[in-house]
Amino acid sequence: MVIVSASEHSNFWISQSSQSRRIFVSIIAVILLVISLCFSTYIRGTPPAFLLFALFNSASLAISTAYLYTATYAGAALLGASFLQTVLSGQAAVAVAVSVVQVTSSALSLWRFSPKPVPMEVNGADGSDNQAEEMAARIFFGVSAIFVIITLVAYTWLMKQPFYKLVTRTLEQHREAEGHR
90 MVIVSASEHS NFWISQSSQS RRIFVSIIAV ILLVISLCFS TYIRGTPPAF
140 LLFALFNSAS LAISTAYLYT ATYAGAALLG ASFLQTVLSG QAAVAVAVSV
190 VQVTSSALSL WRFSPKPVPM EVNGADGSDN QAEEMAARIF FGVSAIFVII
240 TLVAYTWLMK QPFYKLVTRT LEQHREAEGH R
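Position in the sequence shown counted from 1, then plus 89, gives you the working numbering.
In case anyone wonders, no lab produced these hints; they're calculated from the structure.
Note that the structure is predicted; figures quoted are calculated from it, not measured.
Take these hints with a grain of salt, some might be off.
[As the list claims (entries may be wrong)] Simulated DEER-style distance windows between Cβ atoms:
(1) F128 x P251: 36 to 42 Å
(2) I239 x L168: 38 to 44 Å
(3) S171 x S107: 22 to 28 Å
(4) Q220 x A170: 29 to 35 Å
(5) I235 x V176: 19 to 25 Å
(6) T135 x T259: 50 to 56 Å
(7) K254 x T135: 48 to 54 Å
(8) A138 x A266: 49 to 55 Å
(9) A138 x A170: 46 to 52 Å
(10) L141 x A243: 29 to 35 Å
The beta-carbon is built from N, C-alpha and C at its ideal position, and this holds for glycine as well.
Could you build all of it, start to finish, from the sequences and the hints given here?
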């Protein structure tokens with residue numbers, strides 16, 4: 090529900106705000122939210138408090154990515170089919186990378202904290218301290234934060250390129266002309 094509302098809102102306002110600014114601010118929001126998830130693995134709290142944090146973080150990530158994807162796809166579509174295809178292919182590659190990081194972080198954490206085979210049990214039912222799960226989450230969210238930071242650096246570089254400046258300036262002028270009609 091949250092992502093649908095955010096998508097509708099971002100689609101409605103897409104023609105009235107700067108796509109570059111929307112992408113930049115959305116990436117910053119995603120970085121902060123993913124880093125907060127990484128740090129949450131160090132904090133011991135009550136289950137209801139963690140549930141509220143996780144729900145808030147999930148809703149905030151959904152909203153941030155709705156604005157990010159809307160602006161990204163709109164910009165790529167305006168640049169042409171090959172740019173849009175590149176964005177979609179990149180998103181598929183990121184999905185594969187995320188899956189690899191999830192499996193690798195889980196395997197490394199289990200290998201480090203569990204050198205001998207143990208029977209499958211419900212987390213915490215055996216009195217364990219869940220170190221493997223916490224380490225897997227730290228690795229996953231840490232690597233995810235690094236990926237998003239690299240995305241921000243790449244996007245900052247892109248914004249400085251003459252071609253990108255020319256295209257965004259043209260789009261801004263077109264949007265302003267449409268607004269004055």
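Cross-check of the supplied hints:
{"no.": "1", "hint": "F128 x P251: 36 to 42 Å", "result": "39 Å, holds"}
{"no.": "2", "hint": "I239 x L168: 38 to 44 Å", "result": "22 Å, violated"}
{"no.": "3", "hint": "S171 x S107: 22 to 28 Å", "result": "24 Å, holds"}
{"no.": "4", "hint": "Q220 x A170: 29 to 35 Å", "result": "49 Å, violated"}
{"no.": "5", "hint": "I235 x V176: 19 to 25 Å", "result": "21 Å, holds"}
{"no.": "6", "hint": "T135 x T259: 50 to 56 Å", "result": "53 Å, holds"}
{"no.": "7", "hint": "K254 x T135: 48 to 54 Å", "result": "50 Å, holds"}
{"no.": "8", "hint": "A138 x A266: 49 to 55 Å", "result": "51 Å, holds"}
{"no.": "9", "hint": "A138 x A170: 46 to 52 Å", "result": "48 Å, holds"}
{"no.": "10", "hint": "L141 x A243: 29 to 35 Å", "result": "34 Å, holds"}
The structure does not agree with the numbered hints 2 and 4 stated previously, though it agrees with the rest.
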